[in-house]
Amino acid sequence: MATSQTHHVVVALESFYVPVPQLELPAPHTYELREYERTYPDQVAERIRDADILISTIVPIGAAVLDPSVSPRLKMVAIVASGVDAVDLEACRARGIVVTNTPHCNTVAVAEHAVALYFAARRSLVLSNALVQTGEWPKRGALQKYMNGPDGKPPKTCRDETLGIVGYGAVGRIVESMAKGLGMKVLISGRKGSATAPEGRTPFDVLIRESSVVLLCLPRSPESLNLISDAELASMKPYAVLINVSRGLIVDEKALLAALKNRRIAGYATDVYAQEPASSENNPLVGPDTAGLNLITTPHVAWSAEDTIDKFHKALRANIGGWLSTGQPKYRVA
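Quick note: the sequence shown, position 79, residue 79 per the UniProt record's numbering, numbers continuous.
By construction, these hints were calculated from the structure, which means they are not laboratory data. Every value quoted in this text rests on a predicted model; they were computed, and no experiment measured them. Glycine is no exception: its CB is placed at the ideal position from the N, C-alpha and C atoms. Hints are supplied without guarantee of correctness; some may be wrong.
[Said to hold, decoys possible] Here are the simulated lysine-lysine pairs, DSS-like style, with alpha carbons at most 30 Å apart:
id	residue 1	residue 2
1	K180	K156
2	K180	K311
3	K156	K75
4	K153	K261
5	K237	K254
6	K330	K314
7	K180	K192
8	K185	K237
9	K254	K192
10	K156	K311
11	K139	K180
12	K237	K261
13	K314	K75
14	K330	K311
15	K237	K156
16	K237	K153
17	K254	K145
18	K180	K237
19	K192	K145
20	K145	K75
[Claimed, not checked] Restraint-style ranges between C-beta atoms, simulated for each label pair:
id	residue 1	residue 2	range
21	A94	E37	26 to 32 Å
22	E46	T157	23 to 29 Å
23	R209	G292	26 to 32 Å
24	L225	A94	26 to 32 Å
25	R332	R123	17 to 23 Å
26	R209	E281	20 to 26 Å
27	A27	A231	57 to 63 Å
Turn these sequences into a full structure, and let the hints steer you where they fit.
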(Lines of atoms letter the chains of each structure in order from A; the text may use other names.)
(Lines give C-alpha, C1' and ligand atoms only; values in the text may rest on other atoms or scores of the structure.)
Protein backbone atom coordinates (compact mmCIF):
# COMPACT_ATOMS: atom_id res chain seq x y z
CA MET A 1 0.00 0.00 0.00
CA ALA A 2 1.70 3.17 -1.21
CA THR A 3 0.90 5.47 1.72
CA SER A 4 2.48 6.59 4.97
CA GLN A 5 -0.87 7.08 6.69
CA THR A 6 -1.33 4.93 9.77
CA HIS A 7 -4.60 6.31 11.20
CA HIS A 8 -7.70 5.44 9.22
CA VAL A 9 -11.26 6.67 9.19
CA VAL A 10 -13.44 3.59 8.70
CA VAL A 11 -17.01 4.31 7.60
CA ALA A 12 -19.57 1.50 7.87
CA LEU A 13 -22.74 2.33 5.96
CA GLU A 14 -25.01 -0.64 6.74
CA SER A 15 -24.44 -2.23 10.14
CA PHE A 16 -28.14 -3.12 10.05
CA TYR A 17 -27.16 -6.20 8.03
CA VAL A 18 -23.96 -7.26 9.76
CA PRO A 19 -22.66 -5.59 12.93
CA VAL A 20 -19.15 -4.20 12.55
CA PRO A 21 -16.65 -6.29 14.55
CA GLN A 22 -13.70 -4.96 16.50
CA LEU A 23 -11.06 -4.63 13.80
CA GLU A 24 -7.59 -6.02 14.40
CA LEU A 25 -5.18 -3.75 12.55
CA PRO A 26 -1.45 -4.50 12.40
CA ALA A 27 0.79 -2.08 14.28
CA PRO A 28 1.27 0.85 13.91
CA HIS A 29 -2.16 1.24 12.26
CA THR A 30 -5.09 2.65 14.22
CA TYR A 31 -8.62 3.56 13.26
CA GLU A 32 -11.77 5.42 14.20
CA LEU A 33 -15.14 3.98 13.25
CA ARG A 34 -18.07 5.98 11.96
CA GLU A 35 -20.96 3.58 11.92
CA TYR A 36 -24.41 4.00 10.39
CA GLU A 37 -27.20 1.47 10.80
CA ARG A 38 -28.75 2.26 7.42
CA THR A 39 -27.63 4.47 4.53
CA TYR A 40 -29.71 5.45 1.52
CA PRO A 41 -28.20 6.34 -1.86
CA ASP A 42 -28.62 10.09 -1.40
CA GLN A 43 -26.69 9.91 1.90
CA VAL A 44 -23.60 8.07 0.64
CA ALA A 45 -21.60 11.06 -0.64
CA GLU A 46 -21.84 13.01 2.60
CA ARG A 47 -20.99 10.04 4.79
CA ILE A 48 -17.91 8.85 2.91
CA ARG A 49 -16.26 12.25 2.36
CA ASP A 50 -13.56 11.59 4.98
CA ALA A 51 -13.45 7.81 4.64
CA ASP A 52 -10.19 5.95 4.10
CA ILE A 53 -11.89 2.55 4.33
CA LEU A 54 -15.53 1.99 3.43
CA ILE A 55 -17.55 -1.00 4.69
CA SER A 56 -20.81 -1.63 2.89
CA THR A 57 -23.22 -4.35 1.74
CA ILE A 58 -25.81 -3.40 -0.89
CA VAL A 59 -26.16 0.39 -1.05
CA PRO A 60 -24.92 1.59 -4.48
CA ILE A 61 -21.34 2.88 -4.57
CA GLY A 62 -21.33 4.41 -8.03
CA ALA A 63 -18.94 6.48 -10.11
CA ALA A 64 -20.34 9.77 -8.84
CA VAL A 65 -19.47 9.11 -5.19
CA LEU A 66 -16.16 7.52 -6.18
CA ASP A 67 -15.03 10.75 -7.82
CA PRO A 68 -11.97 12.20 -6.01
CA SER A 69 -13.85 15.43 -5.39
CA VAL A 70 -16.44 13.50 -3.34
CA SER A 71 -14.33 10.86 -1.59
CA PRO A 72 -10.74 12.17 -1.84
CA ARG A 73 -9.26 9.89 0.85
CA LEU A 74 -10.96 6.64 -0.10
CA LYS A 75 -8.51 3.77 -0.60
CA MET A 76 -10.53 0.62 0.12
CA VAL A 77 -14.13 -0.57 -0.31
CA ALA A 78 -14.81 -3.67 1.81
CA ILE A 79 -18.07 -5.35 0.85
CA VAL A 80 -19.65 -7.60 3.47
CA ALA A 81 -21.32 -9.95 0.99
CA SER A 82 -20.33 -12.16 -1.92
CA GLY A 83 -21.78 -9.98 -4.65
CA VAL A 84 -20.13 -6.68 -5.53
CA ASP A 85 -22.56 -5.56 -8.23
CA ALA A 86 -23.43 -2.48 -6.13
CA VAL A 87 -19.90 -1.12 -6.64
CA ASP A 88 -18.60 0.53 -9.81
CA LEU A 89 -15.47 -1.59 -10.14
CA GLU A 90 -14.11 0.30 -13.13
CA ALA A 91 -14.26 3.59 -11.25
CA CYS A 92 -12.42 1.94 -8.36
CA ARG A 93 -9.73 0.52 -10.64
CA ALA A 94 -9.23 3.90 -12.26
CA ARG A 95 -8.42 5.41 -8.87
CA GLY A 96 -6.54 2.43 -7.48
CA ILE A 97 -9.18 1.80 -4.82
CA VAL A 98 -9.01 -1.77 -3.55
CA VAL A 99 -12.33 -3.65 -3.51
CA THR A 100 -12.88 -6.80 -1.46
CA ASN A 101 -15.77 -9.12 -0.74
CA THR A 102 -16.52 -11.90 1.77
CA PRO A 103 -17.31 -15.03 -0.27
CA HIS A 104 -18.56 -18.42 0.93
CA CYS A 105 -19.55 -17.11 4.38
CA ASN A 106 -23.25 -17.85 4.05
CA THR A 107 -23.22 -21.11 2.10
CA VAL A 108 -24.37 -23.40 4.90
CA ALA A 109 -27.19 -21.06 5.94
CA VAL A 110 -28.39 -20.60 2.35
CA ALA A 111 -28.28 -24.34 1.68
CA GLU A 112 -30.30 -25.07 4.80
CA HIS A 113 -32.80 -22.34 3.92
CA ALA A 114 -33.17 -23.86 0.45
CA VAL A 115 -34.03 -27.24 1.97
CA ALA A 116 -36.49 -25.56 4.36
CA LEU A 117 -38.16 -23.86 1.39
CA TYR A 118 -38.38 -27.20 -0.39
CA PHE A 119 -40.25 -28.81 2.50
CA ALA A 120 -42.50 -25.77 2.89
CA ALA A 121 -43.40 -25.88 -0.81
CA ARG A 122 -43.76 -29.63 -1.15
CA ARG A 123 -45.88 -29.92 2.01
CA SER A 124 -47.87 -26.69 1.29
CA LEU A 125 -47.07 -25.48 4.80
CA VAL A 126 -47.83 -21.79 4.29
CA LEU A 127 -51.11 -22.47 2.50
CA SER A 128 -52.15 -25.03 5.13
CA ASN A 129 -51.32 -22.62 7.93
CA ALA A 130 -53.42 -19.88 6.31
CA LEU A 131 -56.40 -22.23 5.95
CA VAL A 132 -56.22 -23.22 9.61
CA GLN A 133 -55.79 -19.64 10.80
CA THR A 134 -58.78 -18.41 8.78
CA GLY A 135 -61.07 -21.07 10.23
CA GLU A 136 -61.39 -23.26 7.15
CA TRP A 137 -60.59 -26.57 8.88
CA PRO A 138 -63.86 -26.94 10.81
CA LYS A 139 -65.81 -25.57 7.85
CA ARG A 140 -64.41 -28.06 5.35
CA GLY A 141 -63.78 -31.02 7.62
CA ALA A 142 -60.48 -31.97 5.99
CA LEU A 143 -57.80 -29.99 4.21
CA GLN A 144 -55.37 -32.59 2.88
CA LYS A 145 -56.57 -32.04 -0.69
CA TYR A 146 -54.86 -28.63 -0.62
CA MET A 147 -51.55 -30.47 -0.47
CA ASN A 148 -52.24 -32.21 -3.78
CA GLY A 149 -50.37 -31.13 -6.87
CA PRO A 150 -51.97 -30.12 -10.17
CA ASP A 151 -51.89 -33.82 -11.10
CA GLY A 152 -54.35 -34.45 -8.27
CA LYS A 153 -51.90 -36.63 -6.34
CA PRO A 154 -50.67 -36.15 -2.75
CA PRO A 155 -47.17 -34.73 -2.20
CA LYS A 156 -44.13 -36.82 -2.93
CA THR A 157 -41.69 -37.93 -0.26
CA CYS A 158 -37.96 -37.31 -0.65
CA ARG A 159 -37.15 -40.79 -1.93
CA ASP A 160 -39.43 -40.20 -4.90
CA GLU A 161 -38.00 -36.77 -5.77
CA THR A 162 -35.53 -35.83 -8.47
CA LEU A 163 -33.75 -32.61 -7.53
CA GLY A 164 -32.35 -30.54 -10.39
CA ILE A 165 -29.68 -28.09 -9.22
CA VAL A 166 -29.03 -25.07 -11.43
CA GLY A 167 -25.85 -23.44 -10.18
CA TYR A 168 -23.24 -25.87 -8.87
CA GLY A 169 -21.21 -23.63 -6.58
CA ALA A 170 -20.70 -24.00 -2.84
CA VAL A 171 -24.43 -23.80 -2.05
CA GLY A 172 -25.35 -26.25 -4.78
CA ARG A 173 -22.79 -28.77 -3.55
CA ILE A 174 -24.01 -28.58 0.05
CA VAL A 175 -27.63 -29.02 -1.04
CA GLU A 176 -26.61 -31.95 -3.22
CA SER A 177 -25.12 -33.71 -0.20
CA MET A 178 -28.16 -32.97 1.96
CA ALA A 179 -30.56 -34.09 -0.76
CA LYS A 180 -28.76 -37.39 -1.30
CA GLY A 181 -28.89 -37.94 2.45
CA LEU A 182 -32.65 -37.55 2.24
CA GLY A 183 -32.81 -40.15 -0.53
CA MET A 184 -33.32 -37.85 -3.50
CA LYS A 185 -31.93 -38.42 -6.96
CA VAL A 186 -29.86 -35.38 -7.95
CA LEU A 187 -29.19 -33.87 -11.39
CA ILE A 188 -26.71 -31.05 -12.00
CA SER A 189 -27.55 -28.66 -14.81
CA GLY A 190 -25.49 -27.87 -17.83
CA ARG A 191 -25.60 -24.45 -19.48
CA LYS A 192 -28.93 -23.27 -20.87
CA GLY A 193 -29.04 -23.30 -24.67
CA SER A 194 -26.61 -26.18 -25.05
CA ALA A 195 -27.97 -29.51 -26.23
CA THR A 196 -25.09 -31.33 -24.56
CA ALA A 197 -23.49 -31.07 -21.15
CA PRO A 198 -20.12 -31.99 -19.61
CA GLU A 199 -19.76 -35.41 -18.06
CA GLY A 200 -21.70 -35.62 -14.81
CA ARG A 201 -24.14 -32.90 -15.84
CA THR A 202 -27.58 -32.94 -17.43
CA PRO A 203 -28.54 -30.61 -20.30
CA PHE A 204 -30.58 -27.73 -18.92
CA ASP A 205 -33.73 -28.47 -20.91
CA VAL A 206 -33.63 -32.13 -19.92
CA LEU A 207 -33.17 -31.26 -16.25
CA ILE A 208 -36.14 -28.88 -16.35
CA ARG A 209 -38.34 -31.62 -17.86
CA GLU A 210 -37.21 -34.46 -15.61
CA SER A 211 -36.86 -32.83 -12.18
CA SER A 212 -39.64 -32.81 -9.63
CA VAL A 213 -37.76 -30.12 -7.68
CA VAL A 214 -35.74 -27.40 -9.38
CA LEU A 215 -33.32 -25.39 -7.23
CA LEU A 216 -31.85 -22.12 -8.48
CA CYS A 217 -28.63 -21.13 -6.70
CA LEU A 218 -26.61 -19.44 -9.45
CA PRO A 219 -25.24 -15.89 -9.77
CA ARG A 220 -27.12 -13.21 -11.67
CA SER A 221 -25.49 -12.42 -15.00
CA PRO A 222 -26.67 -11.34 -18.45
CA GLU A 223 -26.95 -15.04 -19.35
CA SER A 224 -29.11 -15.92 -16.34
CA LEU A 225 -31.71 -13.15 -16.60
CA ASN A 226 -35.19 -14.68 -17.01
CA LEU A 227 -33.58 -18.10 -16.99
CA ILE A 228 -36.94 -19.47 -15.91
CA SER A 229 -39.87 -18.06 -17.89
CA ASP A 230 -42.93 -19.31 -19.80
CA ALA A 231 -41.16 -21.99 -21.84
CA GLU A 232 -39.38 -23.55 -18.87
CA LEU A 233 -42.46 -23.44 -16.63
CA ALA A 234 -44.54 -25.06 -19.36
CA SER A 235 -42.07 -27.93 -19.69
CA MET A 236 -41.87 -28.71 -15.95
CA LYS A 237 -43.77 -31.62 -14.49
CA PRO A 238 -47.15 -30.59 -13.06
CA TYR A 239 -46.05 -31.74 -9.60
CA ALA A 240 -42.73 -29.82 -9.77
CA VAL A 241 -41.78 -27.22 -7.18
CA LEU A 242 -39.32 -24.42 -7.91
CA ILE A 243 -36.96 -23.07 -5.24
CA ASN A 244 -35.04 -19.82 -5.73
CA VAL A 245 -32.20 -18.73 -3.42
CA SER A 246 -30.14 -17.09 -6.15
CA ARG A 247 -30.94 -13.51 -7.18
CA GLY A 248 -33.91 -11.56 -8.44
CA LEU A 249 -34.59 -11.35 -12.20
CA ILE A 250 -33.49 -14.95 -12.76
CA VAL A 251 -37.15 -15.97 -12.59
CA ASP A 252 -39.76 -14.14 -14.66
CA GLU A 253 -42.11 -13.33 -11.78
CA LYS A 254 -45.18 -12.59 -13.91
CA ALA A 255 -44.78 -15.88 -15.76
CA LEU A 256 -44.30 -17.65 -12.46
CA LEU A 257 -47.49 -16.20 -11.00
CA ALA A 258 -49.42 -17.28 -14.10
CA ALA A 259 -47.99 -20.80 -13.83
CA LEU A 260 -49.17 -21.08 -10.21
CA LYS A 261 -52.63 -19.72 -11.01
CA ASN A 262 -53.00 -22.04 -14.00
CA ARG A 263 -51.74 -25.00 -11.95
CA ARG A 264 -48.90 -25.72 -14.32
CA ILE A 265 -46.52 -26.33 -11.39
CA ALA A 266 -47.17 -27.37 -7.79
CA GLY A 267 -45.43 -24.56 -5.94
CA TYR A 268 -42.81 -21.84 -5.76
CA ALA A 269 -40.61 -20.77 -2.85
CA THR A 270 -38.28 -17.81 -3.09
CA ASP A 271 -36.00 -15.66 -0.96
CA VAL A 272 -35.15 -13.16 -3.73
CA TYR A 273 -37.05 -10.73 -5.93
CA ALA A 274 -36.62 -8.52 -8.99
CA GLN A 275 -36.97 -5.46 -6.76
CA GLU A 276 -36.25 -5.43 -3.05
CA PRO A 277 -37.77 -4.85 -0.58
CA ALA A 278 -40.64 -6.57 -2.37
CA SER A 279 -44.16 -5.26 -1.84
CA SER A 280 -47.55 -5.34 -3.51
CA GLU A 281 -46.60 -2.07 -5.21
CA ASN A 282 -43.55 -3.48 -7.00
CA ASN A 283 -43.94 -7.26 -7.17
CA PRO A 284 -46.64 -9.58 -8.56
CA LEU A 285 -45.78 -12.27 -5.99
CA VAL A 286 -46.83 -10.10 -3.05
CA GLY A 287 -50.37 -9.11 -2.15
CA PRO A 288 -53.98 -10.33 -2.29
CA ASP A 289 -53.65 -11.63 -5.86
CA THR A 290 -51.62 -14.56 -4.51
CA ALA A 291 -54.29 -15.82 -2.09
CA GLY A 292 -54.80 -19.58 -2.22
CA LEU A 293 -51.53 -20.28 -4.06
CA ASN A 294 -48.79 -22.60 -2.85
CA LEU A 295 -46.32 -19.72 -2.69
CA ILE A 296 -43.65 -19.14 -0.04
CA THR A 297 -41.91 -15.76 0.11
CA THR A 298 -39.12 -15.01 2.58
CA PRO A 299 -37.45 -11.56 2.75
CA HIS A 300 -33.91 -12.25 1.45
CA VAL A 301 -32.84 -13.79 4.75
CA ALA A 302 -31.45 -17.15 3.61
CA TRP A 303 -27.93 -15.93 4.48
CA SER A 304 -28.81 -15.06 8.09
CA ALA A 305 -27.20 -17.26 10.75
CA GLU A 306 -24.78 -16.92 13.65
CA ASP A 307 -22.28 -18.95 11.64
CA THR A 308 -22.59 -16.52 8.71
CA ILE A 309 -21.95 -13.46 10.88
CA ASP A 310 -18.87 -15.08 12.45
CA LYS A 311 -17.46 -15.88 9.01
CA PHE A 312 -18.24 -12.39 7.68
CA HIS A 313 -16.31 -10.88 10.58
CA LYS A 314 -13.28 -13.14 10.02
CA ALA A 315 -13.22 -12.38 6.30
CA LEU A 316 -13.59 -8.63 6.85
CA ARG A 317 -10.74 -8.58 9.36
CA ALA A 318 -8.58 -10.66 7.02
CA ASN A 319 -9.26 -8.30 4.11
CA ILE A 320 -8.49 -5.07 5.96
CA GLY A 321 -5.59 -6.50 7.95
CA GLY A 322 -4.03 -8.14 4.91
CA TRP A 323 -4.31 -4.96 2.86
CA LEU A 324 -2.66 -2.84 5.56
CA SER A 325 0.13 -5.32 6.27
CA THR A 326 1.04 -6.57 2.79
CA GLY A 327 -1.13 -4.69 0.32
CA GLN A 328 -2.93 -7.96 -0.45
CA PRO A 329 -6.36 -8.49 1.12
CA LYS A 330 -7.53 -12.08 1.41
CA TYR A 331 -10.49 -11.70 -0.94
CA ARG A 332 -9.66 -9.04 -3.51
CA VAL A 333 -12.12 -8.29 -6.30
CA ALA A 334 -10.50 -5.17 -7.82
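Going through the hints against the structure:
| no. | hint | verdict |
| --- | --- | --- |
| 1 | K180 <-> K156 | holds, 15 Å |
| 2 | K180 <-> K311 | holds, 26 Å |
| 3 | K156 <-> K75 | violated, 54 Å |
| 4 | K153 <-> K261 | holds, 18 Å |
| 5 | K237 <-> K254 | holds, 19 Å |
| 6 | K330 <-> K314 | holds, 10 Å |
| 7 | K180 <-> K192 | holds, 24 Å |
| 8 | K185 <-> K237 | holds, 16 Å |
| 9 | K254 <-> K192 | holds, 21 Å |
| 10 | K156 <-> K311 | violated, 36 Å |
| 11 | K139 <-> K180 | violated, 40 Å |
| 12 | K237 <-> K261 | holds, 15 Å |
| 13 | K314 <-> K75 | holds, 21 Å |
| 14 | K330 <-> K311 | holds, 13 Å |
| 15 | K237 <-> K156 | holds, 13 Å |
| 16 | K237 <-> K153 | holds, 13 Å |
| 17 | K254 <-> K145 | holds, 26 Å |
| 18 | K180 <-> K237 | holds, 21 Å |
| 19 | K192 <-> K145 | violated, 35 Å |
| 20 | K145 <-> K75 | violated, 60 Å |
| 21 | A94 <-> E37: 26 to 32 Å | holds, 31 Å |
| 22 | E46 <-> T157: 23 to 29 Å | violated, 56 Å |
| 23 | R209 <-> G292: 26 to 32 Å | holds, 27 Å |
| 24 | L225 <-> A94: 26 to 32 Å | holds, 27 Å |
| 25 | R332 <-> R123: 17 to 23 Å | violated, 43 Å |
| 26 | R209 <-> E281: 20 to 26 Å | violated, 36 Å |
| 27 | A27 <-> A231: 57 to 63 Å | holds, 60 Å |
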